[in-house]
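All chains should be modelled from the sequences, with the hints used to inform the complete structure.
In order, the protein sequence lines correspond to chains A and B.
The working numbering puts the first residue of the first sequence at 892, with every later residue one more than the last.
The working numbering puts the first residue of the second sequence at 46, with every later residue one more than the last.
Take these hints with a grain of salt, some might be off.
As the list claims (entries may be wrong) - Think about it this way: if two alpha-carbon atoms lie no more than 16 Å apart in a straight line, the pair counts; the simulated EDC-like pairs of lysine to aspartate or glutamate are: (1) B:K245 - B:E217; (2) B:K190 - A:D1023; (3) A:K968 - B:D91; (4) B:K242 - B:D161.
If you are wondering where the hints come from, they were derived from the structure by calculation, not from laboratory data.
Since we're looking at a predicted model, the values are computed, not measured.
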Amino acid sequence: MNETQPAAPSHGAPIPADGGVLAEHAHPPLHGSGAAVDDHVHDVSKHVKKYLMVGALLLLFTGLTVFLSYVDFGSMKANMTVGMVVATLKAGLVAAIFMHLNAERQLIYRVLIFTVFFVAALFWLTYFHWYDPILR
Amino acid sequence: MDIPYTTSARPDTGLWNAKIGIWLFLASEIMLFGGLFSAYIFLRLDAPPGYWPHGLLNVPVGTMNTAILIASSVTVVLAWAALKMRQFARYKFYMGITIVCGIIFLFVKLYFEWPDKFHHFGAYIREDRLEKYEPYLGNHHLREKGLEMRREITGHLHNEEALHDQNVHEYEIQLDQVNAAPTDPASDRPHFWPLPKTDKIAHVAKEDVERATMFVPSHSTFFATYFTITGLHGLHVLGGVLIFIYFWLPVGANLYKRNPEHLANRVEVAGLFWHFVDLVWIFVFPLFYLL
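What follows is the structure in structure tokens.
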């Protein structure tokens, strides 16, 4: 493969700004934009439905979070856990579907593994609430 | 010279450059907000009883803003999908909605939520004077029920000069419902719809007060973390909106005519940033407004 992309698409013809759907052969094939990305018109429109569903689900979960926060689960800790579980579910949906993390390239996962590790370390610091080596 | 690999994959990474770039940036962003959330947890766990205010934020407004951000996340991904399908008019439409959503979010935050806090007053009562203000605090009732104690009397400060004037010796507070009827079981827990202020006035002597301020960052660790995190988050929303406006302007149309895939990828990258901003809010909302 040529190492630089062509400066302009080779077809040359101006693309109508009114949004006409272009024939596929007019474009060089896409590479490496992530598996969730697809140049086929049909495939993307299939995704559109999924995005709308996920959006609706997220709104539903928002309502659920609000509702559950007024239910007494016995202790603040229990309510906190319930709230965070729902929030994590929502965050997972956003990351997996909207951010295409359900099907990404290997390299991005490799980067994020480090992030997960260091964020876990950050949260581990709250352990000093229970064990304070200075004030103990 | 053109930037290489804007639409084609770099052979060694298998990705177009901006994609890996945005993920490296988001990784650092996760560390930034991760540190703040970690601090939040730590401060909250270590807050002595009665010092972590609860139910002070406007839940319906917060819920609405959450819904607006989620809707904008959907529209930005639809804008990207429209570009992928080479439907430029649709792209402009969805991008326009995204921009409007972002602006509404910021407007609600800056013109309603924050100023509302700046006009709300709270006075923490000294440990040894809590008994004197029992009619406003209802701690006997709370202890019986096994609920967390109250130390603060909140409401609208009638004599604002009391904040600076040494010669004024008391705060005249038009009470919030929770302090007007502290033993009412309805005051035990926060409500979804914020209750209006009552007509009841309390006079709180300055010498009985440990700390008294408007609901500004110095009020408590709660408001310090609230304003820091929502402020930083708001700046991210602003940044996202500015980038979207840039792509919405003729710059976007020109790029689309030259290389539509390049614009699609740019919108995808900006969209990834926007989803991250949404994701942060998904945690901010329950932690500050609800729990």
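Hints versus structure:
no.: 1; hint: B:K245 - B:E217; result: holds (10 Å)
no.: 2; hint: B:K190 - A:D1023; result: violated (31 Å)
no.: 3; hint: A:K968 - B:D91; result: holds (14 Å)
no.: 4; hint: B:K242 - B:D161; result: holds (13 Å)
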